[in-house]
Amino acid sequence: MITIIQKFIAGYKYLNEDIADPRTKDYFLIGTPWPGLTLIGFYLYFIFNFGPRLMEKRQPFTLYRIMQIYNVIQILLNGYFFYKASFWFTKFNYFCEPIDYSDTPKARQITILVWDYFMLKLLDLMDTIFFVLRKRQNQITFLHLYHHIGILIAAWGAVKWLPGGHIAFLGFFNTFVHIIMYTHYLLASMKINTSLWKKHITQLQLVQFFVITLHYLQLTWVENCGFPLWPIYVMVPQNLFMIMLFGDFYYKTYMKKKPTIETKMEIDSISTELSNGKLKEQ
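The opening position of the sequence shown corresponds to residue 1164 in our numbering, with each subsequent residue numbered one higher.
I should point out that these hints are in silico values taken from the structure, not numbers from a laboratory. Certain hints may be false.
Within a straight-line C-alpha distance of at most 25 Å, the following computed BS3-like cross-link-like pairs (lysine-lysine) qualify [what the hints assert, rightly or not]:
| no. | residue 1 | residue 2 |
| --- | --- | --- |
| 1 | K1361 | K1415 |
| 2 | K1220 | K1247 |
| 3 | K1284 | K1188 |
| 4 | K1176 | K1188 |
| 5 | K1298 | K1354 |
| 6 | K1220 | K1269 |
| 7 | K1247 | K1298 |
| 8 | K1284 | K1298 |
| 9 | K1188 | K1247 |
Simulated DEER-style distance windows between Cβ atoms [what the hints assert, rightly or not]:
| no. | residue 1 | residue 2 | range |
| --- | --- | --- | --- |
| 10 | R1228 | C1259 | 42 to 52 Å |
| 11 | R1299 | M1353 | 36 to 46 Å |
| 12 | C1259 | I1355 | 35 to 45 Å |
Yeah, the Cβ is synthetic: ideal placement off N, Cα and C, and Gly gets one too.
All chains should be modelled from the sequences, with the hints used to inform the complete structure.
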């Protein structure tokens, strides 16, 4: 038993200290995994226990204006990130981009950008909170939680171990997609007809996953890139799963003729889940 504990402590030290990037150890929520895991624990406790009990005898909140403000905040923050990152990505090597582990101002700026993306994913958890407060508990599916918690943990790991380099392209592309998505949600909530956007947004999401998958896969045949391969083995299956999911949604929504009532309900559920947990206001 003592040996097992010693190995656990040694493994934790190896992951949390030995191979971690020392430049990011003092960033908020990055020093150790425990604050972040505690936050996720409170998040799960709220959506499955405290939140439903809080709302049990209450009418659902509309949150109409609050969610409009939330959409605006998401647009502005994602837009600011995209603007700041664009200066780096004009010189980005899209075939092989190693991590700059130096302590230069430019390298530091990149680590901060990666941390900024992590904070954006933390903000995305509010999507689920809104579900609870609006008594839409049925929309909190495994897929919804898998997406939100999974991308949050991945973003934390990027700040901790890989702040920059080849995989950072995901954040750059993803924030652009989110700008378009949240703009659509905002306009729809203002009763502005954006029905023509829907199909193209789904197409953009599919393009995103295809491009990112190819972007990662090319590292498997690029020699001496200087970027580790293990993140690729994690991210490629994840992206293929999302391609399958979005492809199924696209087929059911835009290609399949005259869906049944049951299929329409399923499409609405999938649409909500795939929209980063954001319920469309029509």
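Evaluated hints:
1. K1361 - K1415: With Cα atoms ~13 Å apart, K1361 and K1415 stay inside 25 Å; holds.
2. K1220 - K1247: Violated: K1220 and K1247 sit about 46 Å apart, past 25 Å.
3. K1284 - K1188: Status holds; Cα separation ~19 Å.
4. K1176 - K1188: 13 Å, holds
5. K1298 - K1354: With a Cα-Cα distance of about 23 Å, the restraint between K1298 and K1354 holds, given a limit of 25 Å.
6. K1220 - K1269: 53 Å, violated
7. K1247 - K1298: Violated, because 37 Å separates the two Cα atoms, which is more than 25 Å.
8. K1284 - K1298: 23 Å, holds
9. K1188 - K1247: 22 Å, holds
10. R1228 - C1259: 42 to 52 Å: 47 Å, holds
11. R1299 - M1353: 36 to 46 Å: At 21 Å between Cβs, range violated.
12. C1259 - I1355: 35 to 45 Å: Holds - the Cβ-Cβ distance for C1259 and I1355, about 43 Å, lies within 35 to 45 Å.
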